[in-house]
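Asks: In order, the protein sequence lines correspond to chains A and B. All residue numbers for the first sequence refer to the working numbering, where the first residue is 45 and numbers rise by one. All residue numbers for the second sequence refer to the working numbering, where the first residue is 43 and numbers rise by one.
Hint data in this document are derived by calculation from the structure and do not stem from the laboratory. Fair warning: this is a prediction, and the values are worked out from it, not measured in the lab. Just so you know, even glycine gets a beta-carbon here, dropped at the ideal spot from N, CA and C. Not one of these hints is a red herring.
FRET-style restraints, in silico, Cβ to Cβ: (1) G267/B with L70/A: 32 to 38 angstroms; (2) P189/A with L302/B: 34 to 40 angstroms; (3) A59/B with L69/A: 20 to 26 angstroms; (4) L302/B with S183/A: 39 to 45 angstroms; (5) G433/A with G301/B: 55 to 61 angstroms; (6) V496/A with L302/B: 49 to 55 angstroms; (7) R51/B with E84/A: 38 to 44 angstroms; (8) L302/B with E84/A: 18 to 24 angstroms; (9) L69/A with I227/B: 21 to 27 angstroms; (10) R490/A with A91/B: 56 to 62 angstroms; (11) E143/A with G267/B: 40 to 46 angstroms; (12) A220/A with L302/B: 43 to 49 angstroms.
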Amino acid sequence: MESPFRTIAGRRLALLVWISAAWGLLIAARLVQLQVVQHEHYSQLARKQQEQLVEIPAPRGAILDRNGETMAISTAVDSVFVNPMLLRDPATSASILAEALSLDRDTLARDIADRARRKRGFMWIRRRISPEESKVLRSLRYGQPPLDWIGLQAESQRFYPKGQIAAHVLGSVDHAETGNGGIELGLESELQGIPGASRVLSDVHRAGIESSMAVEPRPGANVTLTIDERIQFIVERELRLAMETHRAQTGSVVVMNPHSGDILAMASYPTFDPNVRPHPGEDPGARLNNAFTAPFEPGSVFKVFTMATALDTTRLTPESILPCGRLVMGNRLVGEAKNFFGPMTATQVLEKSSNAGSAQAGLMVGAKKMDAYVRKFGFGYKTGIPLPGESPGLLRNVEQWNKYSAGYIAFGHEIATTTLQLARACSVVANGGLSVRPRLVLSRQRPGEDPVAERASAPERILKPETAIRTRLMMEGVVLRGTGRAAQLPGYSAGGKTGSAQIFDFKAKRYTHEYNSSFMGFAPVANPQIVVVVTLNGAREYGGAVAAPVFRGVAAEALRILEVPKDLPEQIPVTPQDDFEEGVILTEASDTDPSGLLAEVPTDPAQVYGPVVPDFRGKTARTVVEEAMSLGVPIVLNGKGIARTQAPPAGAILPLGEPVHVLFSR
Amino acid sequence: MAQVARTDRSLFGVTIALVFFGLVMVYSASSVMAHVKFNSEYYFVARQAAWVVASIATLLFFKNLPYRRLRNPVVAFGGVGAVVVLLALAYWVDPRHRWIDFKFFHVQPAELAKPAVIVFLAFFMTHRARAINNRHTLMPAALAVGLVTVGVVLADLGTAVVLGLTAGAILYVAGMDRRYFVALIAGSILFVGAAIASKPYRLARVVQFVDPHYELIAKIDPSGGIREYLGRSVAARSSNYQADQSKIAIGDGGVTGVGLMQGRQKLFYLPEAHTDFIFAVIAEELGLPGTMGLLLAFGVILWRGMLAALRTEDDFGRYLALGLTVSIVVQALFNISVALALVPTKGITLPMISFGGSSLLSTLAMMGVLMNVSENS
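Chain A on its own, in the form it takes in the complex (with noise of 0.2 angstroms):
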């Protein structure tokens, strides 16, 4: 056979062969460009469009009350979203989304066709719709015919099933379950779970083929709080009556465990309901929790503090007489309410609510010791619970007070305190002399762990045992003969003390006529259970006569509630209330020093009576102590053995706050 080349066929045929081989390398060049030399590149791509890394949420932590009531949960919702670019109609679509959710269907239908337009392929139509919009469109996703455009994401939606009660504690959160406020947002880092991931190998529409789960989520952890949801009810009802009957601006209560330190309630007014999102119109204080945000001059009931500080740091007695009335410490002019006193004793100061009294007993304490015991009992500190926004207060260095400064801190003034402040320091007297941390977390249970109790901080003695019986005495005194009647509680004995500050205007510098009126007290006396602190701001009357009464409200069921023995008759007399109140003194003043917190009033010396300085000569330091004392008058020893001199002298008007000074020698 000659060759077949030789002919034109057979060249011809060759040259197609060459040609198809060529077309065949360079396909195969092709081949090993794509899939070895850009193939990372193609992953890359395929993996891009074909898996979604789909973010599973986790379960945020319920919150619930110390018995097991829950105050806060999520619930799984639907939120409702669609594709623009793929619908195949999308004014039918949305006129039937506008229909089952109520939502206006030309302003759908429009803004629909906008995101086509800008190419989004993806809309959210509604977010956390209702079970019944849920139902309808669930109905219309699979029926016949399937509507698979609509598209339904299961959401988590927070949901407070107590309404308002105990709002303030709880919070809220945003519309992405992250808490904006109280507990949600104190404890947002535990009650938050850690989402997983899911990888879903998706087709070209997105619909998930399968998923193989990246990361578990995990869920928060819940939260049981120390607050009592009964006791809570009461207090909320309690304070929203006293607002409203003596129409005051704001308020607060704290209702105290002073053993464990437990907040058995924490209210504060106005308030809101964590269900309802932020919205335009709403109140913009109604979130702010005033038991710890906005400190105020507590005023008279900070006297309990000076009484128990000069009891444990002193030779003052219940019985010590102190020298009351109109007294001049500086410049300034320290009076009474309404009523000229005498001299009284502690006992009756705290009872009558004297400010003379107090500041003299703050005096002979001493700037040293008033500051060292002030912030023993908290104030000036944060008390740490887990809530945002808390206020530690107003309380200088003792370096920067004056020679008057302890004693008019004596009565609540150059202090600045929040009610929770005074809720712990409450406790001290109330728990026997105790130091207690606030707790508002009882313990905390991660999925599928025991719950975790929350650790008690180690109780630190302040006060002495007898001390702290003597004080609680001398509160129970102002419930039973003082200021405070109208805390007295059917079938409970109680202590307490009341408490009207003018409020500073820190605008127009001058104290206005509103007060800060509150009331803190215990009950029973002789094993008190609870703490009650109440405080109303804004108060045109006194805080015996707005504040006392929510302390009773409160303090009665409280005690109901948790089962405490009652100590007295059910019946009690209740004595009707005097036409005295205590008060502050403070004329409007106009030159004041704001962080001083104290109007100045220029005044007369000549007018101010002071206590008459005894003559101590001649006597042992022993008796000489007890002279001062009883007669309240502050002394500075120096030497040892018999009195020689002193200054002043005998007979003289001892100025306010200035200490006799007394030379001793054998």
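Since chain A is already given, all that's left is putting chain B on it; use the hints.
Replies: Same frame as chain A, now just chain B:
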């Protein structure tokens, strides 16, 4: 040379291997889609399997039918005539699909056009071998081929291009003068160009192949008239998309492939995964061995077919073997080139692999004839 018919084992083996490999790949590429659309993952593969049986029977029939029996004016003219009638019928009955619906299957006359034209040209060229460059030979040939091609173009430009190249190859090897050949090529280019421009989607595919984002078009035609024309076709929007998805599938397959049945691009990313873009599925799932193996298989067909054309002593057999080989191999090369985005997207199946009964039947019939030529060469 002994005229004892002995099987061309490599050609037969490769063909059968490709057919069964195709069946597997059709299942892999279509099962998810079939499940979603027809609620049965076997919807396509079951039909294809039936066609495989019929097609192999046809293959064996033609393999054992002496090819010289086809050298018959009745077969040659009748075939072309029947195809023209069928094409017209299909276009008239079902202008959208251009197929004839026989209840259980559809016949695509365009697929039948290839063997008909090849047999006709082989017959005609053999008879007019001495006067090939005579207009009395060329005109009727061109007329017949042209008539069929027009009919096919209306249905399927890709097949028409394959048909044109096959006819060109036969005329070229039959000794057509270079100047006629150049004229033929020029005419074909004009014809194909006109065919492309006549349909927005075809033009869009070609334009997007060179100018994916219409940047060039915007410069040439600031008024936007061309873009408007291109935009008339819904399919045009997706033509680049198809090529991109195909490249992703092939590139993702890499050297080793993601594994049989493990491909993901067939999950509706890749259009026509079981027909026009089945090569991309093979590349994704089986990697470089799959693609190179496939290329090699068609290389074997090219080699054996061309060898048969070269060795056979009678012109009819030569042109027949040449035309059959070229049409199958060129179609395969075209299909693969489309999948690799080397040429613009056009609807063309991968012979013996893609889903499609008419195509498989016609291809295996052609392979049967080719084997018979090869065995007798």
